[in-house]
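> So the sequences go chain by chain: A, B, C and D.
Take numbering that gives the first Met the number 0: the last position of the first sequence gets the number 137, and nothing is skipped along the way.
Take numbering that gives the first Met the number 0: the last position of the second sequence gets the number 137, and nothing is skipped along the way.
Take numbering that gives the first Met the number 0: the last position of the third sequence gets the number 137, and nothing is skipped along the way.
Take numbering that gives the first Met the number 0: the last position of the fourth sequence gets the number 137, and nothing is skipped along the way.
It is worth saying that the hints were derived from the structure and are not from the lab.
Quick reminder that beta carbons are idealized off the backbone N, C-alpha and C, glycines included.
Do not take every clue at face value.
What the hints assert, rightly or not - Stretch-level coverage of chain A by chain B, calculated; a stretch enters the list once three of its residues show a Cβ under 8 Å from a Cβ in chain B:
(1) 17 to 24
(2) 96 to 110
To be verified - Think about it this way: if two alpha-carbon atoms lie no more than 27 Å apart in a straight line, the pair counts; the simulated BS3-like pairs of lysine-lysine are:
(3) C:Lys-72 x D:Lys-93
(4) D:Lys-21 x C:Lys-37
(5) B:Lys-113 x A:Lys-72
(6) A:Lys-21 x B:Lys-72
Number of protein chains: 4
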Amino acid sequence: MDYEISIEDETLVAAAQEIIRKRYEWERHHVSAALRTKTGEIFTAVHLEASLPRVTVCAEAMVIGKAISEGYKDFDTIVAVRHPDPDSEDREIKIVSPCGMCRELIADYGRDCKVIIMQEDKLAKTDILELLPMRYSR
Amino acid sequence: MDYEISIEDETLVAAAQEIIRKRYEWERHHVSAALRTKTGEIFTAVHLEASLPRVTVCAEAMVIGKAISEGYKDFDTIVAVRHPDPDSEDREIKIVSPCGMCRELIADYGRDCKVIIMQEDKLAKTDILELLPMRYSR
Amino acid sequence: MDYEISIEDETLVAAAQEIIRKRYEWERHHVSAALRTKTGEIFTAVHLEASLPRVTVCAEAMVIGKAISEGYKDFDTIVAVRHPDPDSEDREIKIVSPCGMCRELIADYGRDCKVIIMQEDKLAKTDILELLPMRYSR
Amino acid sequence: MDYEISIEDETLVAAAQEIIRKRYEWERHHVSAALRTKTGEIFTAVHLEASLPRVTVCAEAMVIGKAISEGYKDFDTIVAVRHPDPDSEDREIKIVSPCGMCRELIADYGRDCKVIIMQEDKLAKTDILELLPMRYSR
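The following block holds chain A by itself, in its conformation from the complex (with noise of 0.2 Å):
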């Protein structure tokens, strides 16, 4: 939990940021991801929300989809925002931290990736496993 922001991190939110604003749709695309490789490149999606709850999948599993389907599988870093519902007075993209099915996820596809999140109203960064302490194992 001791690393520091770093301006490519500072990048990679504000990717996640613009990729949400751009493809916001009210109950369909409210939350998105950056994901930053350990060459430096950079992947945005967006979730999709489904009619059926269930079936909902999250932007975190969407943008490392999306780097593995392009060739990429070394990852150093993700973040994940969500944009506010229409009615909200707060109109900032904020930094949400990943829910506990996508750190299992991240975990699977980058034990040692680390998160951006929020801690105390400022820019952290942590270890995936350190989100998923005494993790399941066989």
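Got chain A sorted already, so can you dock chains B, C and D onto it with the hints?
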């Protein structure tokens, strides 16, 4: 179920086969999907198997998310294929039907999207809603 | 799709309706399911809505798990119903079709299980596999 | 993480072990969970493996749904155990941590629910929210 299979459809199947041939990894990626938009663009993606079964994400979901993330949302036709397991004698990359969960997602994001499947050992094309008779609705 | 609706089927629908009438909670439980085994036992359960959509579990999955946990595994007929939302004028607890994901699970645990649905405003009963035409298989 | 393990906790673990010993089926049910309500009732359930990985439902979700379906909703402690595979030499039914997805569901339905896990080969008990540091929230 009475659509003609066009050259574009065969190209779509070939695109799905090509990406899984390149990205196949045992217990990580064995299914891929290809999606053609109404404007003729083709997107491809692989699925992500997770160490926890429930966390897995299908290739159809991935390719829809990839296309939407790129700004495309009018979908014409989708197809998924499966790479053989390492110990399988049959080395063909075969077309598979979408699972029940993907049928819901495809129908959400493309109510009139068509799906290429195999029928009596031949390529066939059907409407997504034909694969979800008596679809759940509130 | 040409099964007769029996008194036992009507009892099953009533059992599903009864449990959601009792357990209904806004944004937590609005769908329930009832399952009849081949030996005539009836099990009922409600669904669990989660704060994260993907984590939600459907009532059909719950009732199958409950029956199996009690040692029953030969399933004859299943039905799900939905409680109206608080602001809905129509106060009827209506039969709903299983979602694509539940169709897969029901088919896994009862290949010849029948499903009660509504067809043209009348109770109807169909085979689960009729709801999954061209089912995904390896 | 500094809760004492009580006799009631050991009974809960034994209840989880008992149901999976009885209901174990290769590739269908190998994990079970036991849940104790604040009023002292114990519920047990097994998980449902599906032919499609994503459709699988965990034992913790099942046992919460079972308790709620029976009218209980104040949860004190939960534990999950895993039956060994047929080819495993170690025949012990071991305690497993909840997966990231179950952590979310347990936290939704019991914010102060405790979870029994193994820590350095000893039974330990922790708060569910300790297993979801920096939990996702809107």
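> Could you run down the list of hints and mark each one as holding or not?
Verification of the hints:
1. 17 to 24: holds (count 3)
2. 96 to 110: holds (count 5)
3. C:Lys-72 x D:Lys-93: holds, 25 Å
4. D:Lys-21 x C:Lys-37: holds, 21 Å
5. B:Lys-113 x A:Lys-72: At roughly 31 Å apart (the allowed maximum being 27 Å), Lys-72 (chain A) and Lys-113 (chain B) break the hint.
6. A:Lys-21 x B:Lys-72: holds, 13 Å
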